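Got chain X; can you put chain G on it based on the hints?
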Amino acid sequence: MAATSRLDATRDADLLRESKQSSAAFRVLYDRHAERIHGFLLRRTREPGAAVELTAETFAQAWLSRDRYTDHDEGTIAPWLFGIARHVLAASVRRQALERSARDRLQLELDTGATTIDPSWLDGLDDDLTAALAELPDGQRRAIELRVVADQAYVDVARRLDITPEAARVRVHRGLSAIRRRLTQTSQ
Amino acid sequence: MNQAPHEPTLQEVGDALAAATNRDLHRGRHRPVRRIALALAGLAVIGAGTAAAAGLFGPKQVAAGMPAGTAIFGQTDPTCVLNPDDSSYRCTLSKPPANEVTDANGNPAYLGTKEVLAIDGVVAGGCIGLDAAGMTWDCYVGQAAVDHEIIGPDFLGEPVLGPGHG
Numbered sequence: 006m007a008a009t010s011r012l013d014a015t016r017d018a019d020l021l022r023e024s025k026q027s028s029a030a031f032r033v034l035y036d037r038h039a040e041r042i043h044g045f046l047l048r049r050t051r052e053p054g055a056a057v058e059l060t061a062e063t064f065a066q067a068w069l070s071r072d073r074y075t076d077h078d079e080g081t082i083a084p085w086l087f088g089i090a091r092h093v094l095a096a097s098v099r100r101q102a103l104e105r106s107a108r109d110r111l112q113l114e115l116d117t118g119a120t121t122i123d124p125s126w127l128d129g130l131d132d133d134l135t136a137a138l139a140e141l142p143d144g145q146r147r148a149i150e151l152r153v154v155a156d157q158a159y160v161d162v163a164r165r166l167d168i169t170p171e172a173a174r175v176r177v178h179r180g181l182s183a184i185r186r187r188l189t190q191t192s193q
Numbered sequence: 003m004n005q006a007p008h009e010p011t012l013q014e015v016g017d018a019l020a021a022a023t024n025r026d027l028h029r030g031r032h033r034p035v036r037r038i039a040l041a042l043a044g045l046a047v048i049g050a051g052t053a054a055a056a057g058l059f060g061p062k063q064v065a066a067g068m069p070a071g072t073a074i075f076g077q078t079d080p081t082c083v084l085n086p087d088d089s090s091y092r093c094t095l096s097k098p099p100a101n102e103v104t105d106a107n108g109n110p111a112y113l114g115t116k117e118v119l120a121i122d123g124v125v126a127g128g129c130i131g132l133d134a135a136g137m138t139w140d141c142y143v144g145q146a147a148v149d150h151e152i153i154g155p156d157f158l159g160e161p162v163l164g165p166g167h168g
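Protein chains in written order, with this note's numbering: chain X, 6 to 193; chain G, 3 to 168.
So that you can see chain X by itself, here it is in the shape it has in the complex (with noise of 0.2 Å):
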């Protein structure tokens, strides 16, 4: 039985290890990382029913993904989840319908209307997050090309940077937040 007060204190790495044998742990992130998963595909679908479909594939897919997930020990599992909502939005596009195929692995049923797939959802997708990059300063951009597009550990990301590791991590974490709010953003 899930200790909650535990896993509400628990790290997201840590957590998606765990889900490894408990749901429970897997449930934790769902209710820390939904709302704002949620609400970058609702941004991008303006369409209720589908952003909710998408939102279940891309936390089913992570499930059944979660073995491979590689903790750079950022504190959050946010940008990987949000990677695999881009995947789920730009295959779902690509087919034409809502891509499902991890929920129907978990026959995981859900009661929403029919959709309409509009190519629009990926307008500017790739801007967004050039442009959330090109927001940061020039620090926290090279720290976050270094650590996440070229995947280097913290150790030589700041001999390249001349900081010490600690700053290195410290500058990731910063911008890979900074980046998340940009976009979570809802368009009202």
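Among the hints, erroneous ones may be present.
BS3-like cross-link-like pairs, simulated, lysine-lysine; straight-line CA separation at most 30 Å [claimed, not checked]:
id, chain 1, residue 1, chain 2, residue 2
1, X, K25, G, K116
2, G, K62, G, K97
3, G, K62, G, K116
4, G, K116, G, K97
5, X, K25, G, K97
Since the hints were made in silico from the structure, they are not lab data. Bear in mind the structure is a predicted one, so any value in this text is a computation, not a measurement.
This is chain G only, laid out in the frame that chain X set:
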């Protein structure tokens, strides 16, 4: 969050996802052992109140079911006796459970904590902590564990691969 009334909320999606992931976690594992399945079915027929008295599970089985169901009970050497109500077991540990549930100061906080009891490889019931240190527990088998809201009805009889965490 604004949702059309007929569309599932994020909460409902979370609930459905939790059920689906729980099924997936147990998919491919051994089906419930026939004997325990029959015993649990018997409990449903007999009723929770007489479950322990029915003698379907002995105190030693319940004691062994604590570490089998929940990892924190590993190496705690539980001992159980039938409570006077004939429907639950009072279990005492020889050593404290793993320090997984704590208060803000890092002290054990097991009072009221609910943990899974597994017998013969399936979820057979659950236990409730009676003190903060986690040394004493009341354990319920079958429907009684559901009635005490320790486990959900769908979880009863589910196979377990190993002791759970959390």
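Quick rundown of the hints versus the structure:
{"no.": "1", "hint": "K25/X to K116/G", "verdict": "holds (21 Å)"}
{"no.": "2", "hint": "K62/G to K97/G", "verdict": "holds (17 Å)"}
{"no.": "3", "hint": "K62/G to K116/G", "verdict": "holds (20 Å)"}
{"no.": "4", "hint": "K116/G to K97/G", "verdict": "holds (18 Å)"}
{"no.": "5", "hint": "K25/X to K97/G", "verdict": "holds (28 Å)"}
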